[in-house]
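Colleague: Residue strings, one per chain:
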Amino acid sequence: MKPVAVLCFPGTQCDQDVVKALKVMNRSVETIWYADHFSPKNYSAFILPGGFSYGDYLRAGALAAHSPAMRDIQKAAQAGQPVLGICNGFQILCEVGLLGGTLQINKSLRFIDEWVELELCHSCFAWGGDQVQKTVSIPIAHREGRFYASEDQIKKLEDQEQIWWKYKNNPNGSVKDIAGIMNKKKNVAGLMPHPERAVAEWMGGSAGRAFF
Amino acid sequence: MVTIGVRILPKKEVLDVQGRAIADTLKGRGYSIEECHYGKYIRLKINEENREEALKKAKEITESVLCNSLVENYELEVLEGN
Numbered sequence: 001m002k003p004v005a006v007l008c009f010p011g012t013q014c015d016q017d018v019v020k021a022l023k024v025m026n027r028s029v030e031t032i033w034y035a036d037h038f039s040p041k042n043y044s045a046f047i048l049p050g051g052f053s054y055g056d057y058l059r060a061g062a063l064a065a066h067s068p069a070m071r072d073i074q075k076a077a078q079a080g081q082p083v084l085g086i087c088n089g090f091q092i093l094c095e096v097g098l099l100g101g102t103l104q105i106n107k108s109l110r111f112i113d114e115w116v117e118l119e120l121c122h123s124c125f126a127w128g129g130d131q132v133q134k135t136v137s138i139p140i141a142h143r144e145g146r147f148y149a150s151e152d153q154i155k156k157l158e159d160q161e162q163i164w165w166k167y168k169n170n171p172n173g174s175v176k177d178i179a180g181i182m183n184k185k186k187n188v189a190g191l192m193p194h195p196e197r198a199v200a201e202w203m204g205g206s207a208g209r210a211f212f
Numbered sequence: 001m002v003t004i005g006v007r008i009l010p011k012k013e014v015l016d017v018q019g020r021a022i023a024d025t026l027k028g029r030g031y032s033i034e035e036c037h038y039g040k041y042i043r044l045k046i047n048e049e050n051r052e053e054a055l056k057k058a059k060e061i062t063e064s065v066l067c068n069s070l071v072e073n074y075e076l077e078v079l080e081g082n
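Listed in order, the protein sequences are those of chains A and B.
When the letters of the first sequence are read in order and numbered with our numbering, they come out as residues 1 to 212.
When the letters of the second sequence are read in order and numbered with our numbering, they come out as residues 1 to 82.
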């Protein structure tokens with residue numbers, strides 16, 4: 001099987017965690033530098049990991065969204081290939097317009113780092129499908145994770161079954177407790193929690209394995 | 001060369017947690033503050049001779065990169081140049 005591509009931007013710091021999680025699941029993996037172009041057909045899927053691309057300058061994910069590698073990610077997404085954005089990766093996917101809505105500063109204004117319970121709303125065939133449990137425990141680590149979308153956008157997300165995960169106890173003030181969403185075709189998904197930080201019992205849980 | 005200022009503020013209907021925190025601090029110091037909104041200001045020196053052309057470029061830059069229209073509004077002002 002073709003490798004999964006993990007994108008690295010200046011300031012990305014969860015790339016090696018994602019690489020290791022994929023290796024745990026016996027998937028081959030390659031990293032791609034943000035300034036490089038690549039051919040989407042050489043890869044089976046794409047992951048935008050967490051971190052602080054461009055130091056979160058302007059808005060989280062805003063500058064990374066305009067990098068050369070993201071143009072190829074847009075082509076891959078349009079071709080129906082699986083794309084997953086985790087934390088800062090989710091912010092980048094929103095900024096580039098592949099996912100609707102945006103991630104704002106947490107209601108508490110604090111960086112939150114803790115394990116949270118998530119409830120599956122609609123499964124994502126590209127990432128975990130029916131393999132994921134209906135309720136999972138996975139860590140979050142973010143300051144800008146409060147999902148916001150207009151009422152019309154929320155209605156669309158609900159009607160088109162694009163809400164992927166919801167928080168059981170909303171930690172950051174996200175609209176409708178949303179933790180993760182998908183695009184209409186459900187090949188592009190984004191979530192604030194970090195499944196790559198929950199792939200072995202010694203980490204505190206292994207519910208994240210099914211995502212990869 | 002035309003210098004343009006871009007003023008970006010969160011929309012009224014969006015919860016502005018930074019603005020609220022600043023207002024709370026000011027109220028704590030005894031100031032009577034009704035509302036406070038926290039935004040950003042960006043100054044662009046654009047390589048255009050014509051003021052209208054520069055404004056057109058600044059609008060394009062702001063709408064495509066600087067401002068997220070879902071949660072922010074912007075205003076442009078010419079600071080220097082024709």
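Read the hints as simulated data drawn from the structure, not as lab findings.
Check each hint, because a few of them may be wrong.
Keeping only pairs whose Cα atoms sit at most 27 Å apart, straight-line, the calculated DSS-like set for lysine-lysine is [as the list claims (entries may be wrong)]: (1) A:107 with A:168; (2) A:155 with B:12; (3) B:45 with A:107; (4) A:156 with B:12; (5) A:156 with A:184; (6) A:176 with B:11; (7) A:107 with B:59; (8) A:176 with B:12; (9) A:166 with B:27; (10) A:107 with A:23; (11) B:27 with A:155; (12) B:40 with A:156; (13) A:107 with B:40; (14) A:107 with B:56.
Colleague: Does each hint hold? Answer for all of them.
Modeller: Going through the hints against the structure:
This hinted pair checks out: residue 107 (chain A) and residue 168 (chain A) have alpha carbons roughly 17 Å apart, not beyond 27 Å. For a cut-off of 27 Å, the pair hint linking residue 155 (chain A) to residue 12 (chain B) stands: about 21 Å separates their Cα positions. This hinted pair does not check out: residue 45 (chain B) and residue 107 (chain A) have alpha carbons roughly 35 Å apart, beyond 27 Å. Only pairs whose Cα atoms come within 27 Å are accepted, and residue 156 (chain A) paired with residue 12 (chain B) is accepted, the gap being roughly 23 Å.
Proposed proximity of residue 156 (chain A) and residue 184 (chain A) is supported: the alpha carbons are some 9 Å apart, at most 27 Å. For the suggested pair residue 176 (chain A) and residue 11 (chain B), the alpha carbons sit about 20 Å apart, so the restraint of at most 27 Å is met. Simply put, residue 107 (chain A) and residue 59 (chain B) have alpha-carbon atoms about 31 Å apart, too far for the 27 Å limit, and the pair is violated. Restraint check for residue 176 (chain A) and residue 12 (chain B): the C-alpha separation of about 20 Å stays at or below 27 Å, so the hint holds.
At most 27 Å may separate the alpha-carbon atoms for a hinted pair to count; residue 166 (chain A) and residue 27 (chain B) exceed this at roughly 35 Å. For the hint linking residue 107 (chain A) to residue 23 (chain A), the alpha-carbon distance of about 36 Å lies beyond 27 Å, and the restraint is violated. At most 27 Å may separate the alpha-carbon atoms for a hinted pair to count; residue 27 (chain B) and residue 155 (chain A) exceed this at roughly 37 Å. For the given pair, residue 40 (chain B) sits about 31 Å from residue 156 (chain A) by alpha-carbon distance, which is inconsistent with the 27 Å threshold.
Between residue 107 (chain A) and residue 40 (chain B) the CA atoms are separated by roughly 19 Å; this keeps the pair inside 27 Å, and the hint holds. For the suggested pair residue 107 (chain A) and residue 56 (chain B), the alpha carbons sit about 36 Å apart, so the restraint of at most 27 Å is broken.
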